[in-house]
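Trainee: Chains A and B are the protein sequences, given in the same order.
The letter at position 80 of the first sequence is residue 80 when you use this note's numbering, and the numbering goes up by one with no holes.
The letter at position 38 of the second sequence is residue 38 when you use this note's numbering, and the numbering goes up by one with no holes.
Check before you lean on any hint, since a few could be wrong.
Stated by the list, open to error - On the chain A side, residues computed to face chain B include the following (Cβ under 7 Å):
#, residue
1, GLY7
2, ASP8
3, VAL15
4, MET22
5, SER85
6, CYS96
7, LEU98
8, VAL103
Please keep in mind that the hints were generated in silico from the structure rather than gathered at the bench.
C-beta: ideal position from N, C-alpha, C; glycine also.
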Amino acid sequence: MIKLKIGDYSIIAAVIICAVIMLMPAKQAGDRAVLYCDGKPVKTFDLSVDTEFVFENDYVNIITVKNGSILVRDADCPDRVCVYSGKISKSGQTICCLPNKVVIRVFTDNKETDVISG
Amino acid sequence: MIAKTAKCGVFAALAIIVSTLERFIPLQAVVPVPGIKLGLANCVILFVLIKIGFFYAASVMIIKSVTVGILFSGLSSIIFSLTGGFLALLVMFVLLNFKKLFSICGISVAGAALHSFGQILAASVMLGSGYIFGYLPVLLLISVFTGLLTGFLTQILVERIEV
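Next up, chain A with everything else stripped away, as it sits in the complex (with noise of 0.2 Å):
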C-alpha cells in the first residue's frame, strides 16, 4: 500500500503544524458582526438583536441573527458554502460567499484578538 519516506512524514507534519497554530487564537463570544462587500463594510448587526436582513449584490444572501449567532438562512448563489456554513458566533469566525464578494465576520470589544487583519 502506501509507503511513505521520511520527508513525506514532514511534509505532512508541516502542513499539520501550520493548520493548528492558526487555530490556536482562543475564541471568544462576539457581540457584533460586520457584513463586508468587496472588503468594504456595509452592516454592522448586533448580535443581541434577533433580526433578519436581506443583501443583495450579484446573488441574494438571506442573513439571519437569532440567540447571539448570525447565519446566511438562504442564498441564490451557486455554491452555496455561505449556507452550508451553519451559525457563527465567536469572534474572529467568518461565514464567506465568493459568487457574492460578501465576508460577515463577527467581533467582540472585550479584547483584540485578531491576527489577521485585512
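For this one, chain A is given, so just place chain B on it according to the hints.
Mentor: Quick look at chain B alone, frame taken from chain A:
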C-alpha cells in the same frame, strides 16, 4: 515534441473530465469551506509532470483551469485555480528533484497544501479582505487527506501506465 504535445492534449481533456466529475461530489456540504474539492485533476497534472515535463504539466494545468472555469464557475474561480495551480506545480517540481527523500504521496500533499494557500491568497486579494485566511487551517488539514488520496492514485498510475 509533437507526440508529447498530442499526449498533453489527451491529458488536458482527462483533467477537464475528472474536474467535471468531481463537481458531483458535494464535499462543501460536509466541510463548508469555499474552494474545497478532492483535486483529482492533480493526479493527471502530477502524472504529466513526472512522465513528460514541467512545461507540459503547466500547459495542462492552464488549459484545465481556464476551460473548467469558463464551463462552470466563472472568471474569479479561474484566477483562484491558476494561482493555486502554479504554486502547487512549482513546489511539486522542486520536490521531485529529491526523490530519495519524498515519495509521490508526500509531494502530492505539499502540492495540495500550496494549492489551498494560493487559492486563499487570490481570494483575499480579490475580496480585498484578509479575513478569508480564517479558512486556511481547515483547508490545510483537508489537503493532507486529499493530497494522500491523489498521491496514492498517481503512484499507481505512474507504476502501471507507460507514456
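Trainee: Decide, hint by hint, whether the structure agrees.
Mentor: Checked hints:
1. GLY7: 3 Å, holds
2. ASP8: 3 Å, holds
3. VAL15: With a minimum Cβ separation of about 5 Å from chain B (threshold 7 Å), the hint on VAL15 of chain A holds.
4. MET22: At about 4 Å, which falls below the 7 Å cut-off, the nearest Cβ of chain B leaves the hint on MET22 of chain A intact, so it holds.
5. SER85: 4 Å, holds
6. CYS96: 5 Å, holds
7. LEU98: The hint holds - LEU98 of chain A has a Cβ within 7 Å of chain B, the shortest such distance being about 5 Å.
8. VAL103: 5 Å, holds
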